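Q: Here is how the chains run, residue by residue.
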Amino acid sequence: AQSVTQLGSHVSVSEGALVLLRCNYSSSVPPYLFWYVQYPNQGLQLLLKYTTGATLVKGINGFEAEFKKSETSFHLTKPSAHMSDASEYFCAVSRYSSASKIIFGSGTRLSIRP
Amino acid sequence: DAGVTQSPTHLIKTRGQHVTLRCSPISGHKSVSWYQQVLGQGPQFIFQYYEKEERGRGNFPDRFSARQFPNYSSELNVNALLLGDSALYLCASSLVSSDTEAFFGQGTRLTVV
Numbered sequence: 001a002q003s004v005t006q007l008g009s010h011v012s013v014s015e016g017a018l019v020l021l022r023c024n025y026s027s028s029v030p031p032y033l034f035w036y037v038q039y040p041n042q043g044l045q046l047l048l049k050y051t052t053g054a055t056l057v058k059g060i061n062g063f064e065a066e067f068k069k070s071e072t073s074f075h076l077t078k079p080s081a082h083m084s085d086a087s088e089y090f091c092a093v094s095r096y097s098s099a100s101k102i103i104f105g106s107g108t109r110l111s112i113r114p
Numbered sequence: 001d002a003g004v005t006q007s008p009t010h011l012i013k014t015r016g017q018h019v020t021l022r023c024s025p026i027s028g029h030k031s032v033s034w035y036q037q038v039l040g041q042g043p044q045f046i047f048q049y050y051e052k053e054e055r056g057r058g059n060f061p062d063r064f065s066a067r068q069f070p071n072y073s074s075e076l077n078v079n080a081l082l083l084g085d086s087a088l089y090l091c092a093s094s095l096v097s098s099d100t101e102a103f104f105g106q107g108t109r110l111t112v113v
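Just so you know, the protein sequences line up as chains A and B, in that order. So for the first sequence, our numbering puts the first residue at 1; every next one is plus one. So for the second sequence, our numbering puts the first residue at 1; every next one is plus one.
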């Protein structure tokens, strides 16, 4: 079975500060890992994904995440927060690909303080 | 190119009624998946269809059903609506069933009263 735990339902940072959203996963097989962002009343947009290979994954809008197998973690980071980053972020895991069943975490709401 | 389109964007139904939600995948995409997102939670997988065949089913009651048409569009049907079915229903499409990226539509907001 696969599962995802996002630590912190709400994270607040100052504009220009480091963004760190935490995600831990559980999977009995090598996982595919994803971070999605959801803007209000909209669908999900893929920020980045890890399938195989390099464990540091770079995504859109300056975000990146590192796959750490030993820690079963896939934390999302951005060096400098921008006001436009305020949104809901979901970590997700899939057994094969995102085209198949995706297991989502409960989400982390990111707020940016001026 | 148009992205994944879902219709309607919003609708209100009464308990016990039936609802049909529609999804048109990105042109050329043959795989469609459906997710339910209850307010304040992450999306939950309902179904995946590929080449008109069901390839996966989540833990949802038999009141939920879906199908995929020859043009790869899809319908999600929910019978005997309950208040708890109120949610954002998301459709995602991908090129093939093993693709590593799925593209999501903006969803249909269903309110059951």
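No lab work stands behind these hints: they were computed from the structure. Predicted, not measured: the structure shown is a model, and the values here were computed from it. Hints may be right or wrong, so weigh each one.
[Unchecked claim] Cut-off 25 Å, straight-line C-alpha distance, at most; resulting in silico cross-link-like pairs (SDA-like, lysine to any residue):
hint, chain 1, residue 1, chain 2, residue 2
1, B, Lys13, A, Val37
2, A, Lys49, B, Gly58
3, A, Lys49, A, Ser84
4, B, Lys30, A, Ser80
5, A, Lys49, B, Ser27
6, B, Lys52, B, Pro70
7, A, Lys68, A, Met83
8, A, Lys49, A, Leu20
9, B, Lys30, B, Gln17
10, A, Lys58, B, Leu95
11, A, Lys58, A, Ser80
12, B, Lys52, A, Asn41
13, B, Lys30, A, Tyr50
14, B, Lys30, B, Phe60
Q: Look at each hint and say if it fits the structure.
A: Hint by hint, here is what the structure shows:
Simply put, Lys13(B) and Val37(A) have alpha-carbon atoms about 29 Å apart, too far for the 25 Å limit, and the pair is violated. With a C-alpha separation of about 22 Å, the suggested pairing of Lys49(A) with Gly58(B) holds against the 25 Å cut-off. Restraint check: the Cα-Cα separation between Lys49(A) and Ser84(A) comes to about 21 Å, which is no more than 25 Å; the hinted pair holds. At most 25 Å may separate the alpha-carbon atoms for a hinted pair to count; Lys30(B) and Ser80(A) exceed this at roughly 39 Å.
Under the criterion of a C-alpha separation no larger than 25 Å, the hint pairing Lys49(A) with Ser27(B) is consistent with the structure, at around 23 Å. Restraint check for Lys52(B) and Pro70(B): the C-alpha separation of about 7 Å stays at or below 25 Å, so the hint holds. Only pairs whose Cα atoms come within 25 Å are accepted, and Lys68(A) paired with Met83(A) is rejected, the gap being roughly 29 Å. Of the supplied pair hints, the one linking Lys49(A) and Leu20(A) holds, its CA atoms being roughly 16 Å apart against a limit of 25 Å.
Of the supplied pair hints, the one linking Lys30(B) and Gln17(B) is violated, its CA atoms being roughly 30 Å apart against a limit of 25 Å. The straight-line distance between the Cα atoms of Lys58(A) and Leu95(B) is roughly 23 Å, inside the 25 Å bound, and the hint therefore holds. Proposed proximity of Lys58(A) and Ser80(A) is supported: the alpha carbons are some 15 Å apart, at most 25 Å. Proposed proximity of Lys52(B) and Asn41(A) is contradicted: the alpha carbons are some 29 Å apart, above 25 Å.
Distance hint between Lys30(B) and Tyr50(A) is fulfilled; the C-alpha atoms sit about 23 Å from each other, no more than 25 Å. For the hint linking Lys30(B) to Phe60(B), the alpha-carbon distance of about 23 Å falls within 25 Å, and the restraint holds.
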